[in-house]
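**Student:** Can you build the whole structure from these sequences, using the hints too?
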Amino acid sequence: MYFNNLAELWEMAGHGPYVWSAYAISFIVLAAIVVIPAKRYRQQLAQIQQQSNKQDK
Amino acid sequence: MASWQWFHRLGSPKWLSGTIDRWLPWVLGLGTLLLLVSVVWGLAFTPPDYKQGNSFRIIYIHVPTAIVALAAYYAMAVAGAVSIIWRMKVADMVLRAIAPVGAALTFLALVTGAIWGKPTWGAYWIWQDARLTSMLLLFFLYLGIMALHDAYQNSDSGNRAAAIMSLVGTVNIPIIYKSVDWWSSLHQPATLKFTEESTIATEMLQPLMLAIPGAYLFFIAAVMLQLRVLIARNEKNTRWMADRAAQ
Chain A
1 MYFNNLAELW EMAGHGPYVW SAYAISFIVL AAIVVIPAKR YRQQLAQIQQ QSNKQDK
Chain B
1 MASWQWFHRL GSPKWLSGTI DRWLPWVLGL GTLLLLVSVV WGLAFTPPDY KQGNSFRIIY
61 IHVPTAIVAL AAYYAMAVAG AVSIIWRMKV ADMVLRAIAP VGAALTFLAL VTGAIWGKPT
121 WGAYWIWQDA RLTSMLLLFF LYLGIMALHD AYQNSDSGNR AAAIMSLVGT VNIPIIYKSV
181 DWWSSLHQPA TLKFTEESTI ATEMLQPLML AIPGAYLFFI AAVMLQLRVL IARNEKNTRW
241 MADRAAQ
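Protein sequence lines, in the order shown, are assigned to chains A and B.
Each residue of the first sequence is one higher than the one before, starting from 1 at the first, in our numbering.
Each residue of the second sequence is one higher than the one before, starting from 1 at the first, in our numbering.
Please note that the accuracy of each hint is not assured.
[As the list claims (entries may be wrong)] Okay, the calculated beta carbon distance ranges per label pair:
no., chain 1, residue 1, chain 2, residue 2, range
1, A, Glu8, B, Pro189, 24 to 34 Å
2, B, Ile164, A, Gly14, 21 to 31 Å
3, B, Leu136, A, Ala13, 26 to 36 Å
4, B, Trp183, A, Glu8, 33 to 43 Å
5, B, Gln188, A, Gln43, 11 to 21 Å
6, A, Ala13, B, Tyr124, 18 to 28 Å
7, B, Ala246, A, Ser21, 43 to 53 Å
8, A, Asn5, B, Asp21, 43 to 53 Å
9, B, Pro189, A, Gly14, 48 to 58 Å
10, B, Gly29, A, Asn5, 44 to 54 Å
11, B, Ala71, A, Ile25, 16 to 26 Å
12, B, Leu30, A, Asn5, 31 to 41 Å
13, B, Ser185, A, Gln51, 51 to 61 Å
[Stated by the list, open to error] Distance condition first, Cα-Cα at most 27 Å in a straight line; then the derived DSSO-like pairs of lysine-lysine:
no., chain 1, residue 1, chain 2, residue 2
14, B, Lys89, B, Lys14
15, A, Lys39, B, Lys51
16, A, Lys39, B, Lys89
17, B, Lys14, A, Lys39
18, A, Lys54, B, Lys236
19, B, Lys178, B, Lys14
20, B, Lys178, B, Lys51
21, B, Lys89, B, Lys236
22, B, Lys51, B, Lys118
23, B, Lys14, A, Lys54
24, B, Lys178, B, Lys118
25, A, Lys39, A, Lys54
Note that these hints are calculated values from the structure, not bench results.
Just so it is clear, the structure is predicted and the values come from calculations on it, not from any experiment.
Backbone N, C-alpha and C define an ideal beta-carbon position, used for all residues, glycine too.
**Tutor:** Shown next as structure tokens:
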């Protein structure tokens with residue numbers, strides 16, 4: 001590691017708040033564009049299955 | 001006409017949906033892995049920039065998201081052209097799938113850039129800067145295309161309007177690329193160059209060379225996820241979709 005310890009990594013000589021907030025926001029947005037459509041697709045499949053079960057009866 | 005078979009298959013939602021199911025875990029997995037490795041490398045192991053200090057570490061998310069946000073717009077415009085010329089249903093779905101992902105990536109490029117700007121330039125945002133404002137325009141283009149799809153009662157009209165707007169908006173892309181050369185800008189000129197040696201230290205460049213393909217793969221995976229939802233919506237009354245849901 002470039003830094004001597006985790007505290008220095010967190011501080012980044014004063015730039016810590018900028019760097020870490022940029023990565024935190026990125027993580028949230030990137031996670032959202034995967035999780036939201038994945039969840040939506042699961043709901044769709046459940047609905048379609050329900051619908052076709054009704055028709056089969 | 002065997003050489004055209006792939007083109008017809010591409011137009012089949014069923015084939016596309018099956019292909020997405022097969023490829024998605026690999027594309028998403030590899031993309032995420034590359035991003036994670038590059039971020040850990042860039043945050044903890046790379047030496048700081050001699051001028052900017054540690055704030056430069058934002059580069060490992062800022063540059064990949066910005067590059068892919070621009071490439072995504074081109075991909076979307078190509079889908080728009082295919083939609084207008086061949087009236088291909090899948091092309092409209094691809095266009096529609098790219099828009100929210102492109103918007104998210106543009107948003108990230110803008111926000112991480114603003115955060116990087118504060119310790120580097122002393123300001124989060126400068127309206128007079130061509131690179132910043134043309135990138136903001138890209139964000140609004142993505143949002144506009146998303147809105148157009150929902151604005152029309154008739155989905156054919158919405159698709160057509162979105163396709164035309166995606167083509168018109170391509171004018172903005174070379175402006176974004178060239179903005180740092182054409183106008184005086186606070187934004188630094190490109191450090192990655194194809195035609196000459198890059199003006200970035202090798203140890204700083206290495207993680208970026210992982211992050212960029214990682215961001216491309218992640219983008220493709222995110223578009224696949226959107227596409228799957230759109231296909232399921234369009235094909236919900238078909239037999240094959242019911243079979244897939246029953247699995």
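**Student:** With reference to the structure, classify each hint as holding or not holding.
**Tutor:** Quick rundown of the hints versus the structure:
1. Glu8/A - Pro189/B: 24 to 34 Å: With a Cβ separation near 31 Å, Glu8/A and Pro189/B satisfy 24 to 34 Å, so the hint holds.
2. Ile164/B - Gly14/A: 21 to 31 Å: Given a distance of about 49 Å, which is not inside 21 to 31 Å, the answer is violated.
3. Leu136/B - Ala13/A: 26 to 36 Å: Holds - the Cβ-Cβ distance for Leu136/B and Ala13/A, about 31 Å, lies within 26 to 36 Å.
4. Trp183/B - Glu8/A: 33 to 43 Å: Given range 33 to 43 Å: holds, Cβ gap about 39 Å.
5. Gln188/B - Gln43/A: 11 to 21 Å: violated, 45 Å
6. Ala13/A - Tyr124/B: 18 to 28 Å: holds, 20 Å
7. Ala246/B - Ser21/A: 43 to 53 Å: holds, 45 Å
8. Asn5/A - Asp21/B: 43 to 53 Å: Taking Cβ atoms as reference, Asn5/A and Asp21/B lie about 45 Å apart, which means the hint holds.
9. Pro189/B - Gly14/A: 48 to 58 Å: violated, 26 Å
10. Gly29/B - Asn5/A: 44 to 54 Å: violated, 32 Å
11. Ala71/B - Ile25/A: 16 to 26 Å: holds, 21 Å
12. Leu30/B - Asn5/A: 31 to 41 Å: 32 Å Cβ-Cβ, so the 31 to 41 Å window holds.
13. Ser185/B - Gln51/A: 51 to 61 Å: Holds, at about 55 Å.
14. Lys89/B - Lys14/B: It holds: about 12 Å lies between the C-alpha atoms, which stays within 27 Å.
15. Lys39/A - Lys51/B: Violated. Lys39/A to Lys51/B sits at ~44 Å, over the 27 Å cutoff.
16. Lys39/A - Lys89/B: Measuring from Cα to Cα gives roughly 24 Å; hence the hint holds.
17. Lys14/B - Lys39/A: Holds, at roughly 20 Å.
18. Lys54/A - Lys236/B: holds, 14 Å
19. Lys178/B - Lys14/B: Violated, at roughly 41 Å.
20. Lys178/B - Lys51/B: Holds, at about 24 Å.
21. Lys89/B - Lys236/B: holds, 15 Å
22. Lys51/B - Lys118/B: At roughly 15 Å apart (the allowed maximum being 27 Å), Lys118/B and Lys51/B satisfy the hint.
23. Lys14/B - Lys54/A: holds, 23 Å
24. Lys178/B - Lys118/B: holds, 23 Å
25. Lys39/A - Lys54/A: Given pair Lys39/A, Lys54/A holds - Cα atoms ~23 Å apart, limit 27 Å.
Comparing the model with each earlier hint shows violations of hints 2, 5, 9, 10, 15, 19; every other hint is respected.
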